[in-house]
Amino acid sequence: MMIILFITALANWTFILNVLCLHLILLRII
Numbered sequence: 315m316m317i318i319l320f321i322t323a324l325a326n327w328t329f330i331l332n333v334l335c336l337h338l339i340l341l342r343i344i
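Be aware that the sequence shown starts at 315, since it is given in the working numbering, and climbs by one per residue.
Because the hints were derived from the structure by calculation, they are not lab data. A quick note: this is a predicted structure, and the numbers were derived from the prediction, not measured. We put the beta carbon where it would ideally sit given N, CA and C, even for glycine. Be careful, since some hints might not be right.
[Said to hold, decoys possible] Quick list of the computed label-pair ranges, beta carbon to beta carbon:
1. Met-316 with Ile-344: 41 to 47 angstroms
2. Met-315 with Ile-344: 39 to 45 angstroms
3. Met-316 with Leu-336: 26 to 32 angstroms
4. Ile-317 with His-337: 27 to 33 angstroms
5. Leu-319 with Arg-342: 30 to 36 angstroms
6. Leu-338 with Ile-318: 29 to 35 angstroms
7. Leu-341 with Ile-321: 29 to 35 angstroms
Sequences and hints are given; from them, build the entire structure.
Set out below in structure tokens:
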């Protein structure tokens with residue numbers, strides 16, 4: 315059970331980091 319929670323937390327963090335990186339790239343382009 316803990317492994318599943320860990321994997322989901324990791325996936326959420328990677329998704330948040332990807333969104334932040336895309337936002338920074340878009341801000342740089344604009």
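**Asked** Looking back at the numbered hints, which does the structure fail to meet, lowest number first?
**Response** none
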